[in-house]
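2 protein chains.
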Amino acid sequence: MQEYGTKAREMDEQDALAGFRKAFGTVLDEVIYLDGNSLGPLPRKTLLMLDHKVREEWGQGMIRSWNKGWFDLPLRLGRKLAPLIGAGEDEVIFCDSVTVNFMKLVAAVIQRDPHRTRIVTDDLNFPSNFYALDGLLKGSGNGREVLYLESPDGIELPADLFRDAITQDTALVTVSHVAFKSGYLHDLEAICEIAHSKGALVLADLSHSVGALPIHLNEWGVDLAVGCSYKYLNGGPGAPAFVFVRKELLEELPQVLTGWMGCADPFGFSRTYSPAAGMRRFLVGTPPILSLQAIEPGLDLLLEAGLEPLRRKAVQLSEFLLEMYEDWLQPLGFTLGSPLSPERRGSHLSFRHPEAYRINKAMIEPRNGVPPVVPDFRKPDNLRLGMAPLYLRFHDIYRAVQRVVAIVESREFEYFSHDGPTVT
Amino acid sequence: MQEYGTKAREMDEQDALAGFRKAFGTVLDEVIYLDGNSLGPLPRKTLLMLDHKVREEWGQGMIRSWNKGWFDLPLRLGRKLAPLIGAGEDEVIFCDSVTVNFMKLVAAVIQRDPHRTRIVTDDLNFPSNFYALDGLLKGSGNGREVLYLESPDGIELPADLFRDAITQDTALVTVSHVAFKSGYLHDLEAICEIAHSKGALVLADLSHSVGALPIHLNEWGVDLAVGCSYKYLNGGPGAPAFVFVRKELLEELPQVLTGWMGCADPFGFSRTYSPAAGMRRFLVGTPPILSLQAIEPGLDLLLEAGLEPLRRKAVQLSEFLLEMYEDWLQPLGFTLGSPLSPERRGSHLSFRHPEAYRINKAMIEPRNGVPPVVPDFRKPDNLRLGMAPLYLRFHDIYRAVQRVVAIVESREFEYFSHDGPTVT
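Residue numbers (this note's numbering), protein chains in the order written: chain A, 1 to 424; chain B, 1001 to 1424.
Please note that the accuracy of each hint is not assured.
Listed next, the in silico DSS-like pairs over lysine-lysine satisfying Cα-Cα at most 25 Å (straight line) [said to hold, decoys possible]:
| # | chain 1 | residue 1 | chain 2 | residue 2 |
| --- | --- | --- | --- | --- |
| 1 | B | Lys1022 | A | Lys45 |
| 2 | B | Lys1007 | B | Lys1022 |
| 3 | B | Lys1007 | A | Lys53 |
Over the 10 Å line for every Cβ pair with chain A, so calculated as not near, a few chain B residues [claimed, not checked]:
| # | residue |
| --- | --- |
| 4 | Arg1064 |
| 5 | His1115 |
| 6 | Ala1159 |
| 7 | Arg1163 |
| 8 | His1216 |
| 9 | Glu1248 |
| 10 | Val1256 |
| 11 | Pro1287 |
| 12 | Leu1332 |
| 13 | Glu1343 |
| 14 | Arg1344 |
| 15 | Arg1358 |
| 16 | Phe1416 |
Hint data in this document are derived by calculation from the structure and do not stem from the laboratory. For each residue, glycine too, the CB sits at the ideal point set by N, CA and C.
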């Protein structure tokens, strides 16, 4: 295994993005953190900025700070995100959670054309989106249905399989751009082409792709999108999500989840709602300012690094991990739960093992000079490893695999129970 | 006017709650802050706690902090709030915004009994609730309607007026406990009695009452409630709101806005949703942890001070303000836009004046040793003054009125324009 250590050192020396690691302080030397696909680490600048802003803006400015930046913050952050997802500056806003934003868009699409009764999705999509669809459709009457496409192998789902499912009755096709479990990367451009040929709209959940790879929503023809800011965007636990609506579609979308912060004149207090101009209409209530503010430094880091170099490094990290998997993990009973080809994969990899849950628990424990290795576990047997290119070193991957091998070879995982929480 | 200054000093000396002011640092000596009913000031402890928690929990713990407090936080804060609203410990949760929470409850009530097609509210209610109702009903088909009761004077709306409006067709009666503009305090117990006699449920928006006066939801028979944590709870700008559901009602309420954080096993990732036990089912997406954490120190302060003493002081502050109003403001053209009797009033007072907008602007400007006085303005002509009892001094009220008198007598407000933002 030694030769992988040497190779890792060499690749780290050639890594043009290596300098970004220090933006996260020293914690990444104390923990080998392979869960940036679930919760990104804290940028040092975020800590300092938050303390300053809480002190100055809430502490000193109090209510007056609404006119000095808070009111514009959801749109200002949207403008900053736009180039990272290939959107126009006026097509994005930050607010609420991914699922609430998903509901806003689905509810709008349902009302837009009551004659289209079908919504198409696939079983690789994040289940919160299923729950949102079910909840909204239950109340909408009208014989609406959700069609779930099944991935043949539970890992991939080629765009061609959407062809028969999308009919003239289809209002919406909705997928996770990168599947939360397998990491499969949907070909959004191909899905849009198929959907649009039948007059259906496409809504993409970018939670597991945004910040990890270049996204070209407008170029691909994506109509609607939502996404998460606490994974590769490093925006902090539960940080508000974002909504994207293709500009030409905005005026066609009836608003359903309507609240005062999204109306044309929030302080006019009229009895009836008229939508604000532009994306502001997707606000509902007052946005959580502290959690919103924490998003900005992470966006700045990504803009500085650039998504093309980040993607290149993420692929290198993943390919390096796969080499080690073939040499060291496969012989120990691991199988690959992700696409083999990097073109069909996002930035995380799942490895399946009957003892994945207990191996995951053993990895998190620090042990004799080996720092904790933090992966996550996804039922039933997936050890999910995130290759966040902004701060991970090749040597981190090397040490993580070394640790997994030691845990399985020594059967150290047997000291851990099968029970307990799985929130990692 | 001098005698009011002397009286204010005397009342401040007798104020048993005076010590709580220092929990907010020195800013309240630099600004006379009469807008705690819109955004409460920053408790010093919140600043220190947030910095510590961001550093330790996000910075060091990263994803592992979900199992060390974050996952339980929405319910833990709910248990803390419960005694302040007369709820059981298992009847409250913090999440999302007031309006999104209002939507969850209204959507559930609509589905619960499709034969009840009427929702009754009144024109003193906060307009975001109107927008939420309109949006949800537009999509629900079924000939549902919202009946808006009109306040005879735009200030008060006695519970008796609900009697004719609530029929056997009524699913829900919903009011703002304290009206955002006039400060009218609804008699929730009386409204519940009328509504329940026809089988309708009552949903109260506590945004302008919570933390300012004792609330006894269970004693009064209130079925459902939502409320805001950034006003008298001092939870920070846009801090997450809360949801209350009377325990016996929980299992009868179908969930409509369903997301993964509210399902029985969020990490089971099953295709279909089953609600979590208890109030956790009202979570949708991942809650914004930083903004949630900021809520706790403010709750602790209120629990320590006690709502009965706080309410007594708030009434004293308001009555003192009304005395000065009669002597000094009425002669300058102000009229009272709030109920005269303290029993029918929350903790803020509105004063109407044709030049209220420009007077409000002049007050906010610091001037020759007089600190800025921060009220807020509500269209068309309301100067709204919040009497937050936790930190205001009688002398603050005295100085504020003195400043208003100076502005109107000298016509200083004429130097300010009629335009500009009204977000205060």
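Hints versus structure:
no. : hint                  : result
1   : B:Lys1022 - A:Lys45   : 30 Å, violated
2   : B:Lys1007 - B:Lys1022 : 22 Å, holds
3   : B:Lys1007 - A:Lys53   : 38 Å, violated
4   : Arg1064               : 7 Å, violated
5   : His1115               : 14 Å, holds
6   : Ala1159               : 22 Å, holds
7   : Arg1163               : 23 Å, holds
8   : His1216               : 26 Å, holds
9   : Glu1248               : 23 Å, holds
10  : Val1256               : 5 Å, violated
11  : Pro1287               : 5 Å, violated
12  : Leu1332               : 25 Å, holds
13  : Glu1343               : 26 Å, holds
14  : Arg1344               : 21 Å, holds
15  : Arg1358               : 16 Å, holds
16  : Phe1416               : 15 Å, holds
In this structure, the hints that do not hold are numbers 1, 3, 4, 10 and 11, in rising order.
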